[in-house]
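Engineer: Here is what each chain is made of, one letter per residue.
Number of protein chains: 2
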Amino acid sequence: MDIQRLNTNETDFWKKLDKRLAWDSESDHSVIETVNGILADVKSNGDKAVIEYTNKFDRMQATSFAELEIPQSRLQEALENITAEQRTALEKAAARIKSYAEHQTMDSWSYTEEDGTVLGQQVTALDKVGLYVPGGKAAYPSSVLMNAIPAKVAGVPELIMVVPTPDDEVNELVFAAAAISNVDRVFSIGGAQAVAALAYGTETVPQVDKIVGPGNIYVATAKRMVFGTVGIDMIAGPSEILVVCDGKTDPDWIAMDLFSQAEHDEDAQSILVSPDADFIESVMQSIDKLIEEMPRADIIKASLQGRGAVIQAKDMDDAIEIANYIAPEHLELSVDNAEEVAKRIKHAGAIFMGRYTAEALGDYCAGPNHVLPTSRTARFSSPLGVYDFQKRSSLIGCSADGASELGKIASTLAHGEGLTAHARSAEYRIK
Amino acid sequence: MDIQRLNTNETDFWKKLDKRLAWDSESDHSVIETVNGILADVKSNGDKAVIEYTNKFDRMQATSFAELEIPQSRLQEALENITAEQRTALEKAAARIKSYAEHQTMDSWSYTEEDGTVLGQQVTALDKVGLYVPGGKAAYPSSVLMNAIPAKVAGVPELIMVVPTPDDEVNELVFAAAAISNVDRVFSIGGAQAVAALAYGTETVPQVDKIVGPGNIYVATAKRMVFGTVGIDMIAGPSEILVVCDGKTDPDWIAMDLFSQAEHDEDAQSILVSPDADFIESVMQSIDKLIEEMPRADIIKASLQGRGAVIQAKDMDDAIEIANYIAPEHLELSVDNAEEVAKRIKHAGAIFMGRYTAEALGDYCAGPNHVLPTSRTARFSSPLGVYDFQKRSSLIGCSADGASELGKIASTLAHGEGLTAHARSAEYRIK
Numbered sequence: 014m015d016i017q018r019l020n021t022n023e024t025d026f027w028k029k030l031d032k033r034l035a036w037d038s039e040s041d042h043s044v045i046e047t048v049n050g051i052l053a054d055v056k057s058n059g060d061k062a063v064i065e066y067t068n069k070f071d072r073m074q075a076t077s078f079a080e081l082e083i084p085q086s087r088l089q090e091a092l093e094n095i096t097a098e099q100r101t102a103l104e105k106a107a108a109r110i111k112s113y114a115e116h117q118t119m120d121s122w123s124y125t126e127e128d129g130t131v132l133g134q135q136v137t138a139l140d141k142v143g144l145y146v147p148g149g150k151a152a153y154p155s156s157v158l159m160n161a162i163p164a165k166v167a168g169v170p171e172l173i174m175v176v177p178t179p180d181d182e183v184n185e186l187v188f189a190a191a192a193i194s195n196v197d198r199v200f201s202i203g204g205a206q207a208v209a210a211l212a213y214g215t216e217t218v219p220q221v222d223k224i225v226g227p228g229n230i231y232v233a234t235a236k237r238m239v240f241g242t243v244g245i246d247m248i249a250g251p252s253e254i255l256v257v258c259d260g261k262t263d264p265d266w267i268a269m270d271l272f273s274q275a276e277h278d279e280d281a282q283s284i285l286v287s288p289d290a291d292f293i294e295s296v297m298q299s300i301d302k303l304i305e306e307m308p309r310a311d312i313i314k315a316s317l318q319g320r321g322a323v324i325q326a327k328d329m330d331d332a333i334e335i336a337n338y339i340a341p342e343h344l345e346l347s348v349d350n351a352e353e354v355a356k357r358i359k360h361a362g363a364i365f366m367g368r369y370t371a372e373a374l375g376d377y378c379a380g381p382n383h384v385l386p387t388s389r390t391a392r393f394s395s396p397l398g399v400y401d402f403q404k405r406s407s408l409i410g411c412s413a414d415g416a417s418e419l420g421k422i423a424s425t426l427a428h429g430e431g432l433t434a435h436a437r438s439a440e441y442r443i444k
Numbered sequence: 014m015d016i017q018r019l020n021t022n023e024t025d026f027w028k029k030l031d032k033r034l035a036w037d038s039e040s041d042h043s044v045i046e047t048v049n050g051i052l053a054d055v056k057s058n059g060d061k062a063v064i065e066y067t068n069k070f071d072r073m074q075a076t077s078f079a080e081l082e083i084p085q086s087r088l089q090e091a092l093e094n095i096t097a098e099q100r101t102a103l104e105k106a107a108a109r110i111k112s113y114a115e116h117q118t119m120d121s122w123s124y125t126e127e128d129g130t131v132l133g134q135q136v137t138a139l140d141k142v143g144l145y146v147p148g149g150k151a152a153y154p155s156s157v158l159m160n161a162i163p164a165k166v167a168g169v170p171e172l173i174m175v176v177p178t179p180d181d182e183v184n185e186l187v188f189a190a191a192a193i194s195n196v197d198r199v200f201s202i203g204g205a206q207a208v209a210a211l212a213y214g215t216e217t218v219p220q221v222d223k224i225v226g227p228g229n230i231y232v233a234t235a236k237r238m239v240f241g242t243v244g245i246d247m248i249a250g251p252s253e254i255l256v257v258c259d260g261k262t263d264p265d266w267i268a269m270d271l272f273s274q275a276e277h278d279e280d281a282q283s284i285l286v287s288p289d290a291d292f293i294e295s296v297m298q299s300i301d302k303l304i305e306e307m308p309r310a311d312i313i314k315a316s317l318q319g320r321g322a323v324i325q326a327k328d329m330d331d332a333i334e335i336a337n338y339i340a341p342e343h344l345e346l347s348v349d350n351a352e353e354v355a356k357r358i359k360h361a362g363a364i365f366m367g368r369y370t371a372e373a374l375g376d377y378c379a380g381p382n383h384v385l386p387t388s389r390t391a392r393f394s395s396p397l398g399v400y401d402f403q404k405r406s407s408l409i410g411c412s413a414d415g416a417s418e419l420g421k422i423a424s425t426l427a428h429g430e431g432l433t434a435h436a437r438s439a440e441y442r443i444k
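Here the protein sequences come in this chain order: A and B. Counting from 1, position 209 in the first sequence corresponds to residue 222 in this note's numbering; the numbering is continuous, with no gaps. Counting from 1, position 197 in the second sequence corresponds to residue 210 in this note's numbering; the numbering is continuous, with no gaps.
So that you can see chain A by itself, here it is in the shape it has in the complex:
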């Protein structure tokens, strides 16, 4: 297969790498216009507008909003409709995701100063969260678990899921995952109209405080636009994997790990970095050998040829520098002493340590979240976690003595900023 080959020895290596990594996430003008119209319509006309868009875009025949709500009994039914093996797999995955998430819970804290002044931070859960789940082919039950379980661990009392069911096509695994995750309400709506319903509320859909979950360009654009009215999670770009390998892993394993990212869609990005030129050749041979067995071979080829790369590094230090520059969503350290190497990684969404730790294990069931920062945003952002469904309030309680002392400092600084009322308010509290 014709995959771009790079070598860190080349003088224009970083320029070529930058070009390979570049991804423009901006929505085009026509998408923005369409979404704007839908948002305004749902804000004004509520349920009625959502029904109309749903009938139009998802080819449904709903006459009342009640038909678009999926009752809990239907979710329970889905649990019966899937195979026992699937149900066990979902339940085991859910238990592991929950167990990991419980380690992330933030607690309130406070401390008292000598003069009796109390300072602290009070942690509370969000009241209502909306979870967007894509319908049709891109419906991933694992995403329901990964988004819903941390919210429930955080203590969110009301979790509302929206999932389009175009042509009334239902994904039993998605409904089953919703049942296992204790989602509170489910509506079979999608697109920008579902985002609008959650952001503004309608007669039937409760207004939420934050909307999470992946979606197409219309959903992503709508989320970006309602940000501020509600919170949103990150806007995800195409999924990526960077495999750093010392050359001692079975090349078939590495080829398949690269495929597992590439099969998501044509824009997904799989990159291999290794200091071992012979190993890189072996992986290329494995790729050519294994590609024929893949049902999604066309997508994998388009992804690897259009956005993939194999990079020959000088040594492991060089490979680590590249990993930190790329700040990948998924980083596989298929090397000896992976835990030690991981300590040198500054930027990555998730770090998969050692030859046994295939990224696919993390996608489904290892425990940590599979919603991760893409497109180099791991430089400044984190995986989805319990902390995304909690927030903090500062606590300040001054004793009479404390207020008197702090009042003097505040008065000086307030006068320096020309804010007399601030100064006076502080001075009232000086003894």
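By construction, these hints were calculated from the structure, which means they are not laboratory data. Every value quoted in this text rests on a predicted model; they were computed, and no experiment measured them.
Because identical chains share one entry, a pair is satisfied inside a single copy or across any pair of copies.
Mimicking DSS-like on lysine-lysine, the simulated pairs with C-alpha atoms at most 27 Å apart in a straight line are:
1) K165 / K356
2) K302 / K314
3) K141 / K356
4) K261 / K444
5) K32 / K141
6) K61 / K28
7) K261 / K327
8) K32 / K359
Fit chain B to the supplied structure of chain A, relying on the hints for placement.
Structural biologist: Frame of chain A, contents of chain B only:
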């Protein structure tokens, strides 16, 4: 003064309150066009474009970028130029902000499962952070401390501050605050061009990973537009205070606390809630009495009359319900047992407990950050903190046994999602 009076007994109370709280934060079309042009120009032309915009908008005469960098020696000089009282106040405030921030630092953690599989979370600091500080009249040295100190406590190695100096006008207190906060580099640039320089990097200005700090509509719009390329803090709306008082605090104190928010600008919002009708009248009298002494009386009047309100609640439970609905940036609980009442507050940026705890003390020197979520966004967001300058990477290290067990679950779920390469990648690791 003619301030809107509301009573929770009124049938249309919530509708009236919503109207009073409404704030449209969207940028208008012409601002977006202007900012778009500046961003594109700086991205293409780097230093040269920034110099041109700075000379034009800030009426400067720079011929090289070197003239726009403020050396550390100049910051140290500012420490000498301010009064000893100001320097002590800044240093005391800085020490308290640092001490509180140190309580917020996140640590890495991991745990090992029975089969040897390791799961965890690795916490790292951001590499480079840009700090926007407004110039001219709105220059607040306290904001330099509040933004810079948490970044340094997080361990950010390179903190780059930009502050416009229109007509070469310099704010000595701002420079002194930069010296005290250990800011690494300072450039005298501002506006959308400064945001662009930090987001894309120029020949002289390093590209940062996140931009924080307040600014005017052009700065806010630019930050919103570069989000994704870099991280940003929240886009702040006008500042607000909600005072909940049981009627037992000196009405002059409460009037001045309301003024201290209102004096920021005409759009600031000060609201008083009390179950005590007589007390509300006393505060109104204090307002009329004290307003005449205020240098910024015009701004205070415009703010209180245009956006302020006094609300009579049925009782304290009712008052708390209103506070949770408003989710105010600043919440003063001027009541008995304020610490107990605070536990019932679900949504607020900062909670000021007790009659002595004037909001102004928190603005400057109590310790907790004064950069807080506005416009009801405390429903889903938090004060600026050390955690905003750290990020997390998930850690997954499967043992051979662990990978084998997880591989089975992943294989089942991957086949259910139609992702064969995921399944095969997991199956390679099954014993």
